[in-house]
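Residue numbers (our numbering), protein chains in the order written: chain Y, 41 to 343; chain R, 22 to 347.
Hints may be right or wrong, so weigh each one.
Partial pick of chain R residues on the chain Y-facing surface, computed with a CB cut under 10 angstroms [as the list claims (entries may be wrong)]:
1. V151
2. S184
3. F298
Worth flagging that the hints you see were computed from the coordinates, not collected in a lab.
Nothing here was measured: the structure is a model prediction, and the numbers come from that model.
Where a beta carbon is used, it is the ideal one built from N, C-alpha and C, also for glycine.
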Amino acid sequence: MKTLFHQWWDSDVGYSFRTSPTAIIAALIALVCVVCALFAPWIAPHNPFDLTTLLLDNARLPPSWSEGGNPNFLLGTDEQGRDILSALMYGARISLAVGLASVILSLLVGVCLGLLAGFLGGWVDGLLMRLCDVMLSFPAILVALLIAGVGRALFPNAHESLAFGVLIVSISLTGWVQYARTVRGSTMVERNKEYVQAAHVTGVAPLRIMRKHVLPNVLGPVLVLATIQVATAIITEATLSFLGVGAPPTSPSLGTLIRVGNDYLFSGEWWITIFPGAVLVLIALSVNLLGDWLRDALNPRLR
Amino acid sequence: MFAFIVLRLAQAAMVMVTVALISFMLFQYVGDPVVFLLGQDATQEQIRELRQALGLDQSFIVQFWHFLVNASQGEFGFSLRQSTKVSVLIAERFPATLELALVAGLLALVLGIPMGVYAALRRGSFLSQVFMMLSLIGVSLPTFLIGILLILVFAVTLGWFPSFGRGDVVTIGWWTSGLLTAKGWHHIVLPAVTLAIFQLTLIMRLVRAEMVEVLRTDYIKFARARGLTTRAVHFGHALKNTLVPVMTITGLQLGGLIAFAIITETVFQWPGMGLLFIQAVTYADIPVMAAYLCLIALIFVMINLIVDLLYFAVDPRLRVDKSGGH
Numbered sequence: 041m042k043t044l045f046h047q048w049w050d051s052d053v054g055y056s057f058r059t060s061p062t063a064i065i066a067a068l069i070a071l072v073c074v075v076c077a078l079f080a081p082w083i084a085p086h087n088p089f090d091l092t093t094l095l096l097d098n099a100r101l102p103p104s105w106s107e108g109g110n111p112n113f114l115l116g117t118d119e120q121g122r123d124i125l126s127a128l129m130y131g132a133r134i135s136l137a138v139g140l141a142s143v144i145l146s147l148l149v150g151v152c153l154g155l156l157a158g159f160l161g162g163w164v165d166g167l168l169m170r171l172c173d174v175m176l177s178f179p180a181i182l183v184a185l186l187i188a189g190v191g192r193a194l195f196p197n198a199h200e201s202l203a204f205g206v207l208i209v210s211i212s213l214t215g216w217v218q219y220a221r222t223v224r225g226s227t228m229v230e231r232n233k234e235y236v237q238a239a240h241v242t243g244v245a246p247l248r249i250m251r252k253h254v255l256p257n258v259l260g261p262v263l264v265l266a267t268i269q270v271a272t273a274i275i276t277e278a279t280l281s282f283l284g285v286g287a288p289p290t291s292p293s294l295g296t297l298i299r300v301g302n303d304y305l306f307s308g309e310w311w312i313t314i315f316p317g318a319v320l321v322l323i324a325l326s327v328n329l330l331g332d333w334l335r336d337a338l339n340p341r342l343r
Numbered sequence: 022m023f024a025f026i027v028l029r030l031a032q033a034a035m036v037m038v039t040v041a042l043i044s045f046m047l048f049q050y051v052g053d054p055v056v057f058l059l060g061q062d063a064t065q066e067q068i069r070e071l072r073q074a075l076g077l078d079q080s081f082i083v084q085f086w087h088f089l090v091n092a093s094q095g096e097f098g099f100s101l102r103q104s105t106k107v108s109v110l111i112a113e114r115f116p117a118t119l120e121l122a123l124v125a126g127l128l129a130l131v132l133g134i135p136m137g138v139y140a141a142l143r144r145g146s147f148l149s150q151v152f153m154m155l156s157l158i159g160v161s162l163p164t165f166l167i168g169i170l171l172i173l174v175f176a177v178t179l180g181w182f183p184s185f186g187r188g189d190v191v192t193i194g195w196w197t198s199g200l201l202t203a204k205g206w207h208h209i210v211l212p213a214v215t216l217a218i219f220q221l222t223l224i225m226r227l228v229r230a231e232m233v234e235v236l237r238t239d240y241i242k243f244a245r246a247r248g249l250t251t252r253a254v255h256f257g258h259a260l261k262n263t264l265v266p267v268m269t270i271t272g273l274q275l276g277g278l279i280a281f282a283i284i285t286e287t288v289f290q291w292p293g294m295g296l297l298f299i300q301a302v303t304y305a306d307i308p309v310m311a312a313y314l315c316l317i318a319l320i321f322v323m324i325n326l327i328v329d330l331l332y333f334a335v336d337p338r339l340r341v342d343k344s345g346g347h
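Work the whole structure out from these sequences, hints included.
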């Protein structure tokens, strides 16, 4: 483990990381968010879902530093007396989980289809690429909303875990197109190279060539894309939840928290909305910055 | 050129038929209209009669054909939730969304292009860096959050602008316009800015990138060498060539504006199609969803088509290639 880290640290990518203040700051912010989310049950000061500890007396308290604040609730409380800071940690946990799950799902689908399209060519390629064109001509959020809506109509009394399933599927079904196109492009280049020809000649099965020979060589750009897509997926999830078709209120993500807080904006309780919003932006911004840095670091022309 | 147009028209028709098929299947397989109309405790006889009356006993192809004919006349049946004709519901809401999208689109273009040009010409200057920083934030901020922040600052704290609704509207025939009253303009400011910000940052970054690229080309160097004024080089030569790709993306983004209007309309309770669609999604109101889907697809396909044709008209290289190039 240690040697692996040292290898990375001494590599070109590691060097470019060490010398880029933006990348270091972004990585630190992302790390803090991930750790808070991952260990929420252990480090959160309160359990926002334990109904027995909630007191309505504590409802809508402002942040502790402003007038009327309670030092027990650093960032204030919401309308049910839940601690905002703890709700944020649990919410970030759900947002990150849904974001990562949908990126992994769309990556799997996209890479497989892109590999097939690029490697086989012909009508498979034509069909898949037309499908991509149609998907790309509609904004992702619209497609995601539509799938979420159909999911709701199909399973009207959806169980909570099913709601998350529909959410993840609706986000990933819009994300795979990007991977498919990227992978298809690089596969078409790799396909004609000599090592692939050689594998063909020595009688390696096409599926094995795709998996063992072509795949490792087309994964570079996919990695960059996946990083940036994490931010996109988290924002899409938050948007869907804000619109009321995402994470259920019983296990709120950051978007759900913003949606709930939005109702209290006019009565002056800004902290219920603004803190989840700020965390969302911090996560999205840091992941985007990391993605930008990774793209430059992996681009040999810029070295 | 002619073959190209025919091909594009055929593609557009294919997309529309595909979308219509998806909407039709939504009608067909998601939720049973018979159960919905008759309730759970209807007799077999009643169900059979209604199925016949609605034409549900006919074959898939025949039903799809009826659906296509009806849809092309804007007929999508009744909303499940509001027992009003879907076409009436959409016609009521359409002007609000279109006005919002147009105002936001104009705002994005009018501000985005000059900002992008400036950032490209004065690279490294303080103002360009500020523009680039703002655009990075604009890209990272989700639309709904921009709306909430604007409401918090300009509606709740400062009280300058109203935060919901369209204000006073003037009815002209079936069209309702908020752009003819002072109150209407007052109400459109915050939603339009919210909707415009993302597009603005996108257009600005695109114009800057394209312009920087164009400024490096040989013909710009040659134009400079010929002794043309900087002004003529920048705005006569460079900007003109920058705007071709910008036009394509902007056209596509206009469709994006209508889609993102869903979010903006929810934040500002703007009585447009987006709000209607969100309500339809929340309550699984399939006819409204299907109609909205078809309408949006139509708008997108038309915009794509127009942009492609415009591209053809603007870029002479494409014409040369097709007619006498080979």
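Those earlier numbered hints the structure runs against, lowest number first = Going through the list in order, the structure violates hint 1 alone and respects the others.
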